[in-house]
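Peer 1: Could you put the whole structure together from the sequences, leaning on the hints where they help?
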Amino acid sequence: QKEVEQNSGPLSVPEGAIASLNCTYSDRGSQSFFWYRQYSGKSPELIMSIYSNGDKEDGRFTAQLNKASQYVSLLIRDSQPSDSATYLCALPHYGGSQGNLIFGKGTKLSVKP
Amino acid sequence: SAVISQKPSRDICQRGTSLTIQCQVDSQVTMMFWYRQQPGQSLTLIATANQGSEATYESGFVIDKFPISRPNLTFSTLTVSNMSPEDSSIYLCSVVLQGASYEQYFGPGTRLTVT
Chain A
9 QKEVEQNSGP LSVPEGAIAS LNCTYSDRGS QSFFWYRQYS GKSPELIMSI YSNGDKEDGR
69 FTAQLNKASQ YVSLLIRDSQ PSDSATYLCA LPHYGGSQGN LIFGKGTKLS VKP
Chain B
7 SAVISQKPSR DICQRGTSLT IQCQVDSQVT MMFWYRQQPG QSLTLIATAN QGSEATYESG
67 FVIDKFPISR PNLTFSTLTV SNMSPEDSSI YLCSVVLQGA SYEQYFGPGT RLTVT
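Residue numbers (my numbering), protein chains in the order written: chain A, 9 to 121; chain B, 7 to 121.
Note that these hints are calculated values from the structure, not bench results. As the structure is a computational prediction, the values presented were derived from the model and not from experiment. Hints should not be assumed to be uniformly reliable.
List time: in silico BS3-like cross-link candidates among lysine-lysine, alpha-carbon distance up to 30 angstroms [unchecked claim]: (1) Lys113/A / Lys71/B; (2) Lys120/A / Lys64/A; (3) Lys75/A / Lys116/A; (4) Lys75/A / Lys64/A; (5) Lys13/B / Lys113/A; (6) Lys113/A / Lys64/A; (7) Lys116/A / Lys50/A; (8) Lys64/A / Lys116/A; (9) Lys50/A / Lys13/B; (10) Lys113/A / Lys50/A; (11) Lys71/B / Lys50/A; (12) Lys13/B / Lys116/A; (13) Lys120/A / Lys50/A; (14) Lys113/A / Lys75/A.
Away from chain A, derived, C-beta distances all over 12 angstroms, residues of chain B [what the hints assert, rightly or not]: (15) Thr23; (16) Asp70; (17) Lys71; (18) Pro77; (19) Asn78; (20) Ser94; (21) Leu118.
Where is the CB? At the ideal position from N, CA and C, for every residue including glycine.
Peer 2: Put into structure tokens, the structure is as follows:
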């Protein structure tokens with residue numbers, strides 16, 4: 009059974025701090041990883057994808073991937089109240105239909121002004 | 007990315023009735039999916055909508071309850087049949103764009119309440 013684990017939170021950080029969101033996965037063969045942001049009452053929005061070990065930066069967001077340890081993380085620098093949302097980690101379900109993603113339960117982030 | 011629309015955005019329905027949700031994309035896509043998200047929960051895949059053929063359902067979901075159509079590359083419908091209060095949820099369609107492998111983009115969702 010492929011699994012994606014996330015700490016449900018809530019994770020509370022002060023404005024301007026670095027928020028660190030973590031995700032572990034069970035399928036050692038996973039190659040692609042995605043972070044989605046979901047505001048309350050809205051649909052998930054793809055914010056980062058990462059395919060290689062190491063860091064990938066996009067603005068205030070950095071995704072980090074460590075395949076040997078089977079974890080992927082998302083760092084949000086200079087956190088803003090507008091970053092308050094639930095962050096979902098996802099990776100392909102290789103044993104399922106083509107294109108399927110498995111989603112973690114999500115980590116709720118709260119950025120306090 | 008693509009512009010994805012869903013209709014209706016929300017509805018309140020009586021138990022025993024059916025509701026059809028539409029998903030329209032403004033560009034051709036390779037894959038279309040239907041998800042359910044119950045309050046406070048993560049996403050659960052209902053099925054993959056296959057163009058011109060029967061949808062591929064995940065464990066726990068059956069065609070009689072959730073019939074799906076995908077007549078072309080940009081449009082799909084999900085019907086929630088014989089509804090009960092347990093079907094109250096947000097229903098989301100998602101797409102994989104041509105040239106992409108797994109990156110999925112979601113529609114705005116349909117919030118369904120069954121009374």
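Peer 1: Please go over all the hints and tell whether each is borne out by the structure.
Peer 2: Outcome of the hint check:
1. Lys113/A / Lys71/B: 25 angstroms, holds
2. Lys120/A / Lys64/A: Answer holds: Lys120/A to Lys64/A is near 26 angstroms, not above 30 angstroms.
3. Lys75/A / Lys116/A: 24 angstroms, holds
4. Lys75/A / Lys64/A: Within the cut-off at roughly 14 angstroms; holds.
5. Lys13/B / Lys113/A: 26 angstroms, holds
6. Lys113/A / Lys64/A: 23 angstroms, holds
7. Lys116/A / Lys50/A: 14 angstroms, holds
8. Lys64/A / Lys116/A: 22 angstroms, holds
9. Lys50/A / Lys13/B: 15 angstroms, holds
10. Lys113/A / Lys50/A: Holds. Lys113/A to Lys50/A sits at ~16 angstroms (cutoff 30 angstroms).
11. Lys71/B / Lys50/A: Answer holds: Lys71/B to Lys50/A is near 25 angstroms, not above 30 angstroms.
12. Lys13/B / Lys116/A: 28 angstroms, holds
13. Lys120/A / Lys50/A: 21 angstroms, holds
14. Lys113/A / Lys75/A: 20 angstroms, holds
15. Thr23: 24 angstroms, holds
16. Asp70: Given a closest Cβ separation of 20 angstroms, the condition holds.
17. Lys71: Holds, because the least Cβ-Cβ distance between Lys71/B and chain A comes to about 19 angstroms, which exceeds 12 angstroms.
18. Pro77: Given a closest Cβ separation of 19 angstroms, the condition holds.
19. Asn78: 18 angstroms, holds
20. Ser94: 15 angstroms, holds
21. Leu118: Given a closest Cβ separation of 14 angstroms, the condition holds.
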